[in-house]
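Number of protein chains: 2
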Amino acid sequence: MLATTPKPPYYAVIFASTRTEGDNGYSAMADRMMELAKNQPGFLGVDTARSEIGITVSYWQDLKSIELWRQHSEHQAAKEKGKTNWYKNYRLRIAKVEQEY
Amino acid sequence: MLATTPKPPYYAVIFASTRTEGDNGYSAMADRMMELAKNQPGFLGVDTARSEIGITVSYWQDLKSIELWRQHSEHQAAKEKGKTNWYKNYRLRIAKVEQEY
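Going line by line, the protein sequences match chains F and C. Residues in the first sequence are numbered from 1 upward in steps of one, following this note's numbering. Residues in the second sequence are numbered from 1 upward in steps of one, following this note's numbering.
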């Protein structure tokens with residue numbers, strides 16, 4: 001159930017968020033984004049959990065694959081909707097994974 | 001509610017886990033570790049969420065502050081108990097945060 005990734009180095013995109021009330025199409029979008037991301041070049045895996053806040057960490061081969069995913073049109077549309085409809089607050093961090101145990 | 005961190009670079013420790021059944025003292029330990037971590041030198045913040053899996057991302061000034069926390073005796077005891085009692089599976093990643101939005 002946990003993402004299995006290759007030997008570092010590779011990259012992690014850490015997305016932490018607080019949600020607005022109600023689903024408002026959020027779950028369907030999240031499932032769709034997961035499906036799309038998995039087919040992106042350089043995608044290595046993803047871990048996601050939500051309780052008071054949500055954390056999704058996706059793993060990528062390099063910065064170029066993160067940039068390609070960032071530019072994906074359907075992903076961009078979802079992000080716009082996220083900013084206005086789904087998220088109260090969020091932070092996105094891009095980090096280079098150096099060690100894994 | 002989301003961790004607020006300084007301008008990158010800094011470090012993230014990404015801990016993803018699946019739990020065994022029942023609490024078995026886990027919540028009390030988790031609260032205590034959070035309290036201890038917050039008082040460690042170089043600690044910058046933490047985000048945590050749990051649903052099917054748990055993800056805790058703690059943020060640190062540098063690798064040295066992570067190493068000091070790793071060596072903390074009470075933290076080491078908790079890790080040992082975690083391996084035998086609380087976690088079915090876990091992965092720990094140390095990553096250098098390069099960008100934040």
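Keep in mind that the hints are not guaranteed to be accurate.
[Stated by the list, open to error] DSSO-like, lysine-lysine: derived pairs with alpha carbons at most 30 Å apart:
{"hint": "1", "chain 1": "C", "residue 1": "LYS81", "chain 2": "F", "residue 2": "LYS7"}
{"hint": "2", "chain 1": "C", "residue 1": "LYS81", "chain 2": "F", "residue 2": "LYS81"}
{"hint": "3", "chain 1": "C", "residue 1": "LYS38", "chain 2": "C", "residue 2": "LYS96"}
{"hint": "4", "chain 1": "C", "residue 1": "LYS96", "chain 2": "F", "residue 2": "LYS88"}
{"hint": "5", "chain 1": "F", "residue 1": "LYS81", "chain 2": "C", "residue 2": "LYS7"}
{"hint": "6", "chain 1": "C", "residue 1": "LYS79", "chain 2": "F", "residue 2": "LYS64"}
{"hint": "7", "chain 1": "C", "residue 1": "LYS81", "chain 2": "F", "residue 2": "LYS83"}
{"hint": "8", "chain 1": "F", "residue 1": "LYS79", "chain 2": "C", "residue 2": "LYS81"}
{"hint": "9", "chain 1": "C", "residue 1": "LYS7", "chain 2": "F", "residue 2": "LYS79"}
{"hint": "10", "chain 1": "C", "residue 1": "LYS7", "chain 2": "F", "residue 2": "LYS7"}
[Stated by the list, open to error] If we take Cβ atoms under 8 Å as the criterion, some of the chain C residues that face chain F in the derived model are:
{"hint": "11", "residue": "ASP31"}
{"hint": "12", "residue": "GLU35"}
{"hint": "13", "residue": "VAL46"}
Simulated from the structure, these hints should not be mistaken for lab results. Glycine residues also receive a C-beta, built at the ideal position from the N, C-alpha and C atoms.
Checked hints:
1. For the hint pairing LYS81 (chain C) with LYS7 (chain F), the CA-to-CA distance comes to about 27 Å; that is within 30 Å, so the pair holds.
2. Of the supplied pair hints, the one linking LYS81 (chain C) and LYS81 (chain F) is violated, its CA atoms being roughly 43 Å apart against a limit of 30 Å.
3. Straight-line distance between C-alpha atoms of LYS38 (chain C) and LYS96 (chain C) comes to about 19 Å, which keeps the hinted pair within the 30 Å bound.
4. Of the pairs offered as hints, the one joining LYS96 (chain C) and LYS88 (chain F) holds, with about 26 Å between alpha carbons and a cut-off of 30 Å not exceeded.
5. For the given pair, LYS81 (chain F) sits about 27 Å from LYS7 (chain C) by alpha-carbon distance, which is consistent with the 30 Å threshold.
6. As the CA atoms of LYS79 (chain C) and LYS64 (chain F) are separated by approximately 36 Å, the hinted pair breaks the 30 Å bound.
7. The straight-line distance between the Cα atoms of LYS81 (chain C) and LYS83 (chain F) is roughly 41 Å, outside the 30 Å bound, and the hint therefore fails.
8. Only pairs whose Cα atoms come within 30 Å are accepted, and LYS79 (chain F) paired with LYS81 (chain C) is rejected, the gap being roughly 40 Å.
9. Using a Cα cut-off of 30 Å, the hinted pair LYS7 (chain C) and LYS79 (chain F) holds, with the two alpha carbons roughly 23 Å apart.
10. Among the hinted pairs, LYS7 (chain C) with LYS7 (chain F) is consistent with the structure: their alpha-carbon atoms are about 28 Å apart, no more than 30 Å.
11. For the restraint placing ASP31 (chain C) at the interface with chain F, the shortest Cβ-Cβ distance is roughly 14 Å, beyond the 8 Å limit, so the hint is violated.
12. The closest approach between the C-beta of GLU35 (chain C) and any C-beta of chain F is roughly 18 Å, which is over the 8 Å cut-off, so the hint fails.
13. For VAL46 (chain C), the suggested interface contact is broken, since its CB lies about 10 Å from the closest CB of chain F, more than 8 Å.
Hint compliance for this structure: hints 2, 6, 7, 8, 11, 12 and 13 are broken, all remaining hints hold.
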